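In order, the protein sequence lines correspond to chains L and W. Take 1 as the starting number for the first sequence in the working numbering and just add one per residue. Take 1 as the starting number for the second sequence in the working numbering and just add one per residue.
If you're looking for bench data, these hints aren't it; they were derived computationally from the structure. Just so it is clear, the structure is predicted and the values come from calculations on it, not from any experiment.
Covered stretches of chain W, as calculated for chain L (at least 3 residues, CB under 8 Å): (1) 31-37; (2) 112-121; (3) 138-149; (4) 228-235; (5) 239-245.
Every residue gets a Cβ at the ideal spot worked out from N, C-alpha and C, and that includes glycine.
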Amino acid sequence: MKKAVFLAAVLSAAVTISGCTEKAPEPGSIAGFDEGEKYIEMWTYTIEDTPEGEACKESVESFNEAFDGKYFAHVQFIPRNDNGGGYADKINASVISGDLPDVIAVDGPNISAYAANGIIQPLAELTDEEKGVYLESIIDQGTVDGKLYALGAMESSVGLYYNKDILAQAGIDIPDAARPWTWTEFSEILEKLKPIMEEKNGYPIDMTFPVGETSIYLYAPFIWSNGGDLVSPDGLTADGYFNSDSNLEAFEYFKMLADKGYMSKTPIEQLFESGRAAFKIDGAWEVNIIYESYPDINLGVAPYIVGDNWDGEKYAPSGSWAYAATTNTNDLEASTELIKWISGTDSSMLLFEKYKSLPSTYEAYEKIKEFSEDENYKALYVQLRDYGHPRPKTPVYPQVSTVFQQTIEDVALSGMDAREELDKSVERINAKLSRYNRNNE
Amino acid sequence: MAFFGPALVLLTVFLFIPMILTLIFSFTDYFALSPSLTHFTGLGNYISIFKDEMFLKAFINTVKFVIIIVPLQGGGALALALLINRVTYCKKYFKVAFFVPVVMSLAVVSTLWMQIYSPEGILNTLLGKIGIDPQPFIYGADQALPSIAIMSSWQGMGYQMIIFLGGLQAINPGLYEAAEMDHASAWKKFKDITLPELKPLCVFVFITITIGAFKMIVQPMVMTGGGPSHSTYTLVYDIYETGTVNWEIGLASTMAIVFIAFIVVLTVIQTILTRDKEDKEEKK
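For reference, chain L alone in the conformation it holds in the complex (with noise of 0.2 Å):
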């Protein structure tokens, strides 16, 4: 009897254990992995068919044709899911375990708490012509500490999308890349929009402030155009940046939007999709849904708008998905090799033509006609490439992302008092990065 529980026991562990542990596979037992070659695995976020995942495949394919004999990718789909999960569970689960693979995709703001965490390592030294072909925005956003940690195949902003027909009515001309409307001038735009736009059971602009990483994606420009920031330089902390009197300035302009009654205080779908509303804030993905769903909706792109004291700084978001080598990596040169021919050119221009983001080279925008002849594309690549700025870098990045849409919320939908809400908010943040700061000492 003893001895059949104990068989059963073992034979259950080693069934659960097994199924934890992955090595390297020999040569030949993946198709196109031959003798000789050396290995790189490769984890993506994506799901292998979409768009976005075939695109994916295509580039690591043509990767090991153009390697052939000398190295081998391979790529596994981890999808994640909207609030981040999914794959950023099994990175997590894979630190733990020390299973990571070579190379990972790693989202633009988590680039700093991967580096910070030894994660992921700075990338084998690229030339400064390498460096060179991809975008600036590219660059700012892999760069941790002066070293080069990752690339991204594509890039996204965020667009200030106007309705065309809407704005002819009323008679408003949109100004040039060069001089954006300065928030006292938006607001006399939209206060102008507002009957005709109620004629409309309408509001003068499509705005909301989803939960998730979406919010300070869309609005962080408000910050960084008025002369604020979230973070000080290093990260370390965010007393005196989050709750600066410019920030304050920022939050009690989104509160006017919502008090005045220029945006719907709930979200109301498809407001600008279906003619109600004359502006939108989106990501660059709204271009190519409009074009692909909404025919009937001439739309424009008009420059995000700035501060009244912008005095041509960058301001504009950008950033996207990129790829970083890990520190579990055996062949830094091969990682790096196979992140440089997935965030190249050709990779790029592959992601446009299937998934529509914006690239991350400038030659892949000279080759991609959309980027000369369609306005609308050519202003969202004008404003990146102008005035593209990063993410906040720190370390407690998603806790800042949390707490800034925690904030629009609170001050401009449930009318506290912004003051108060920006100061318990850097306390919040203060918080999470006193692991960083005791680190240091």
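Start from chain L and add chain W according to the hints.
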């Protein structure tokens, strides 16, 4: 003996060891991105979570949710069970209809109700027809938590309804016949026969709803993200955010331990309060 060997191993690996680890982690500053730098911090985490405004807010929200949902769901389930017990036609249909939400995943139900609660959704359109202004529901800090509670009780009610229905059918019909002989009113029959007979079930239902409600996370995660202004931020949500989004496993473990301790204490209190008088006398 042998038959529970495999179960024991699996339970050990997936339940007991994690439970013990959680207890150990709760005394450390375990950080998911740099596990090698873990230190013991004694009771530091316990002190800091009780000073943490978000944790306390999450705690209060959760208690509020429980207070709303327990009578709503328990009472609703009992009412449904009584109704179904009386109808003579389409009994199966009603049973299935009320039970279907239980089978659906909470994420699906939440998405469905987002449509119902949306500013231009079904509910607001109906309210508009009877002259009531559109309500923000899950988008307003005052209404979000009650809105979610109503949805959740609708979703969970069917399960308790089936339990009550079983209980009702087990009541000896002789009791009702005797009551009728004495010309007892319907209310008296309910109060003096149905309720006392269902009492053990009520206790069970009461406790399971309470524990389930304390664990609430899916609904705010899908519908509101804990907002607006943290009005739907619950304890388990806070544990999740701390542990997986902010990578602070140590702190999250502490929250989990405090949470478990609270639930255990609460359940014990509930059991004592609802214990039958005879039980108490027997104990003496």
